[in-house]
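Peer 1: If you want the building blocks of each chain, they are given just below.
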Amino acid sequence: MNPIIVDAPPADGTMPILLSRYAECTIWLARYMERIENLARLIDVTETFVRSGSTVNGWQSIIQINADEERFFARHAVATEESVVGFYVTDRENPNSIASIAHAARENARALRPLISTEMWTQLNIFTNTVRALGTTDIRSSNLSALCARLKQECQTHHGITEGTFYRDQAWLFYLIGRNLERGDQITRLIDIKYHTLLPSVAGVGSEVDISQWTAVLRSAAAYHAFRRVVPGEMTPGTVAGFLLKNDGFPRSLSTCLRQLHWAVGHLRTDYGLKHGYAAAERIEELRATLAEQTVKDIILRGLHEFLDWVQRELRLVQGEIAQAFWPPMEPPPAPAPAQSQSQA
Amino acid sequence: MSDLTDRGTAQRAGLFVAYDTPDFFCELMNRKDAPPDSLALVRERLSRFDLPELRQRAGAAEAELYNLGITFTVYTDRDAIDRILPFDLIPHILTAAEWDHVERGVRQRVTAINHFLWDIYHEKRILKDGIIPAELVLGNPNYRPEMEGLDVPGGVYVHINGTDIVRDGDGRFLVLEDNARTPSGVSYVIENRHMMLRVMPDLAAGLDLMPVDEYGLRLRHALAEVAPQGVMDPQVVLLSPGIYNSAYFEHVFLAREMGVPLVEGRDLVVEGGRVYMRTVAGLRPVHSIYRRLNDDFLDPQVFNPDSMLGVPGLVDAYRRGNVTIANAIGTGVADDKAVYAYMPRIIRYYLSEEPILSNVDTHICAEAEGLAYTLANLDKLVVKPVGESGGYGLIIGPHATRTELDEFRVKLLADPANYISQPVISLSVCPTLCDAGVEARHVDLRPFAVTGRSTWVLPGGLSRVALRKGSLVVNSSQGGGSKDTWVLAS
Numbered sequence: 003m004n005p006i007i008v009d010a011p012p013a014d015g016t017m018p019i020l021l022s023r024y025a026e027c028t029i030w031l032a033r034y035m036e037r038i039e040n041l042a043r044l045i046d047v048t049e050t051f052v053r054s055g056s057t058v059n060g061w062q063s064i065i066q067i068n069a070d071e072e073r074f075f076a077r078h079a080v081a082t083e084e085s086v087v088g089f090y091v092t093d094r095e096n097p098n099s100i101a102s103i104a105h106a107a108r109e110n111a112r113a114l115r116p117l118i119s120t121e122m123w124t125q126l127n128i129f130t131n132t133v134r135a136l137g138t139t140d141i142r143s144s145n146l147s148a149l150c151a152r153l154k155q156e157c158q159t160h161h162g163i164t165e166g167t168f169y170r171d172q173a174w175l176f177y178l179i180g181r182n183l184e185r186g187d188q189i190t191r192l193i194d195i196k197y198h199t200l201l202p203s204v205a206g207v208g209s210e211v212d213i214s215q216w217t218a219v220l221r222s223a224a225a226y227h228a229f230r231r232v233v234p235g236e237m238t239p240g241t242v243a244g245f246l247l248k249n250d251g252f253p254r255s256l257s258t259c260l261r262q263l264h265w266a267v268g269h270l271r272t273d274y275g276l277k278h279g280y281a282a283a284e285r286i287e288e289l290r291a292t293l294a295e296q297t298v299k300d301i302i303l304r305g306l307h308e309f310l311d312w313v314q315r316e317l318r319l320v321q322g323e324i325a326q327a328f329w330p331p332m333e334p335p336p337a338p339a340p341a342q343s344q345s346q347a
Numbered sequence: 408m409s410d411l412t413d414r415g416t417a418q419r420a421g422l423f424v425a426y427d428t429p430d431f432f433c434e435l436m437n438r439k440d441a442p443p444d445s446l447a448l449v450r451e452r453l454s455r456f457d458l459p460e461l462r463q464r465a466g467a468a469e470a471e472l473y474n475l476g477i478t479f480t481v482y483t484d485r486d487a488i489d490r491i492l493p494f495d496l497i498p499h500i501l502t503a504a505e506w507d508h509v510e511r512g513v514r515q516r517v518t519a520i521n522h523f524l525w526d527i528y529h530e531k532r533i534l535k536d537g538i539i540p541a542e543l544v545l546g547n548p549n550y551r552p553e554m555e556g557l558d559v560p561g562g563v564y565v566h567i568n569g570t571d572i573v574r575d576g577d578g579r580f581l582v583l584e585d586n587a588r589t590p591s592g593v594s595y596v597i598e599n600r601h602m603m604l605r606v607m608p609d610l611a612a613g614l615d616l617m618p619v620d621e622y623g624l625r626l627r628h629a630l631a632e633v634a635p636q637g638v639m640d641p642q643v644v645l646l647s648p649g650i651y652n653s654a655y656f657e658h659v660f661l662a663r664e665m666g667v668p669l670v671e672g673r674d675l676v677v678e679g680g681r682v683y684m685r686t687v688a689g690l691r692p693v694h695s696i697y698r699r700l701n702d703d704f705l706d707p708q709v710f711n712p713d714s715m716l717g718v719p720g721l722v723d724a725y726r727r728g729n730v731t732i733a734n735a736i737g738t739g740v741a742d743d744k745a746v747y748a749y750m751p752r753i754i755r756y757y758l759s760e761e762p763i764l765s766n767v768d769t770h771i772c773a774e775a776e777g778l779a780y781t782l783a784n785l786d787k788l789v790v791k792p793v794g795e796s797g798g799y800g801l802i803i804g805p806h807a808t809r810t811e812l813d814e815f816r817v818k819l820l821a822d823p824a825n826y827i828s829q830p831v832i833s834l835s836v837c838p839t840l841c842d843a844g845v846e847a848r849h850v851d852l853r854p855f856a857v858t859g860r861s862t863w864v865l866p867g868g869l870s871r872v873a874l875r876k877g878s879l880v881v882n883s884s885q886g887g888g889s890k891d892t893w894v895l896a897s
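These protein sequence lines are chains A and B, in that order. Throughout, the working numbering is defined as the position within the first sequence, counted from one, plus 2. Throughout, the working numbering is defined as the position within the second sequence, counted from one, plus 407.
None of these hints come from the bench; they were simulated from the model.
One side of the interface only, derived from the structure: several residues of chain B facing chain A at Cβ under 10 Å:
| # | residue |
| --- | --- |
| 1 | V659 |
| 2 | V667 |
| 3 | D674 |
| 4 | R685 |
| 5 | A688 |
Virtual Cβ for every residue (Gly too), placed ideally from N, Cα, C.
Using the sequences provided together with the hints, build the complete structure.
Peer 2: Structure representation (structure tokens):
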């Protein structure tokens with residue numbers, strides 16, 4: 003079977019208490035760190051992609067993925083490398099920039115300092131301070147690839163430190179929920195945009211250009227070599243989308259994200275008696291079933307975009323149900339939410 | 408250069424070759440008596456450092472404090488700026504005998520303060536006996552009528568107390584002020600020690616230093632001891648104003664050291680006169696609250712109605728005896744600068760003992776005699792507003808210009824009851840790494856006392872150092888730094 007991180011709850015008989023606010027901040031911390039990594043990957047691949055001259059609207063696609071057309075074009079006339087990279091890396095006015103997301107991650111991490119390990123905090127502190135200090139020189143195209151590599155690595159360092167030091171109780175499960183919600187959401191966005199920008203390619207399916215573009219998509223999800231190994235030979239929009247949606251061994255595929263999400267929500271109930279998660283669990287089960295019972299051909303035939311849209315909507319509802327179950331709004335006045343820069347919803 | 412030896416034997420060599428302490432009592436180099444061997448050893452080890460080496464280690468320490476987030480945060484509209492409290496690598500050292508004296512003095516003072524608070528919120532004997540003017544207490548803005556008749560568990564009002572202590576030219580310990588509300592800084596005591604042992608392991612090697620690590624454990628025990636009666640396994644929490652508070656790091660630190668949740672007001676809810684916290688498993692009861700929130704913000708139903716930081720209904724739950732709040736509400740009247748002047752009398756009144764630690768001579772400007780004396784000697788005195796903390800609004804006569812003195816005279820006459828005055832103490836100094844080398848800088852000491860069923864004092868305390876040459880103000884908001892405080896066990 004596919005490996006999954008399995009941990010027994012603490013066996014000393016005491017049930018650790020988790021404040022609702024901590025659970026909420028934990029989900030957001032995980033989501034933001036995952037989001038930064040995905041954005042860094044996307045910028046990196048787009049840069050390679052555009053530099054090789056294999057697309058005309060490469061930079062525009064990042065704007066589409068984040069549904070930021072309105073915000074972006076209110077500030078910039080054209081989507082050039084300079085304007086898009088600035089908008090997505092250093093622009094603090096843009097809530098979807100790495101600088102803004104890192105700030106939000108930091109605020110959540112600050113709130114979680116009583117809970118997370120010192121090593122997690124220290125790395126986040128240094129990382130987010132580094133991001134805060136990024137300037138125009140850092141995002142010049144000659145430095146961009148190195149910057150993306152660094153950002154990606156810092157996020158992976160965060161994941162590693164978290165895996166190695168974060169105490170295994172409910173908070174860990176909420177962390178996994180956040181990470182997989184975000185990862186699942188991001189992969190559907192990537193497929194959605196790329197599929198549609200690539201499909202109408204005049205060169206036609208199977209041409210050189212088409213393959214190099216799909217290669218780029220796979221690379222931006224760190225899926226290229228895995229795909230090559232598992233699906234030798236055939237690289238079509240269908241096989242690539244199928245791999246990213248349905249492959250159970252690939253850690254960033256939608257099906258893997260959903261499986262881990264389901265596992266984490268389930269363990270909240272079985273190990274910690276947190277039964278309120280059932281609505282979210284049921285919704286995830288339905289998502290998984292819907293994904294499992296269709297081939298990728300069926301999905302494409304019935305409308306890939308509509309399917310991905312539906313998945314994103316369902317994931318938002320899962321987050322909403324988890325919120326309702328574990329941090330229900332207080333009767334008046336409503337508490338101000340922890341720092342968030344979520345604007346994709 | 409002044410003479411190379413002092414009455415206490417220190418040889419000015421190596422690092423200290425240019426060190427000069429005119430007439431001050433220097434805690435390391437000029438103690439005016441023969442220091443114990445262990446202290447002489449530290450002196451000897453330090454003198455063998457060279458300046459670049461010390462600077463390099465100081466730089467490493469500051470970078471580490473920054474990365475660990477041992478910082479206070481200054482928020483602007485655009486950004487959050489993390490600042491570290493400057494940390495000096497040369498420790499502030501107390502001998503075992505000195506510490507024994509300070510510890511007994513602090514414990515005595517805290518005991519007297521708790522007696523005083525019980526009395527003024529119950530029978531008010533000390534007022535009726537005319538020991539202290541009733542108006543000074545009952546008319547004090549920090550006197551809380553809500554506390555009258557409330558029997559706090561164990562009679563403890565001040566569970567955590569910080570006593571600011573200085574040494575004069577003869578090395579005599581004097582209490583400068585009491586901090587009986589929410590004294591801060593204890594996290595730096597412990598973090599400074601950790602940092603010191605990492606960065607200066609060769610300086611501390613083999614020395615028998617009294618440990619500081621048990622603070623969190625002691626605090627948690629004390630807070631459990633004063634929980635409402637009949638609760639078997641009391642839930643302790645730390646109530647913080649949240650991440651935007653400049654002392655948030657300390658709140659995090661203490662919550663972690665105690666192993667209790669750090670909660671904000673919005674995490675707590677009062678139902679049926681009982682306090683609960685909102686957890687993922689629903690509401691969980693809370694029994695003891697270490698609050699790092701001022702009285703004014705605790706409960707919008709009773710105090711500041713605009714407070715978003717507090718918990719509606721908390722004071723009601725408190726008055727019903729369903730929850731313990733530490734420190735109790737209304738302790739600010741005990742650390743008032745005007746009440747301070749009466750502290751020796753308060754100690755004698757309740758404990759029938761002489762104060763172990765003396766006050767600085769204090770003239771109360773609310774009293775005609777005190778005002779006349781202050782006006783006549785303005786250029787020789789430190790005059791402080793009674794309601795301020797953090798070193799704000801005070802004037803140091805000998806350092807002030809004629810214009811400043813004249814302006815201050817007008818303020819003083821307009822509201823004499825707002826001021827006290829004290830002679831300028833020739834504060835003791837410690838060698839401190841400065842831009843020009845190792846120089847003498849003034850220091851003070853804030854020991855922390857934790858009171859549950861009994862009082863325990865954390866060995867040492869927060870040593871603050873005025874980094875500006877000649878400055879007497881050690882507050883972090885006014886350019887102060889800190890040092891590790893070493894209590895030599897032998």
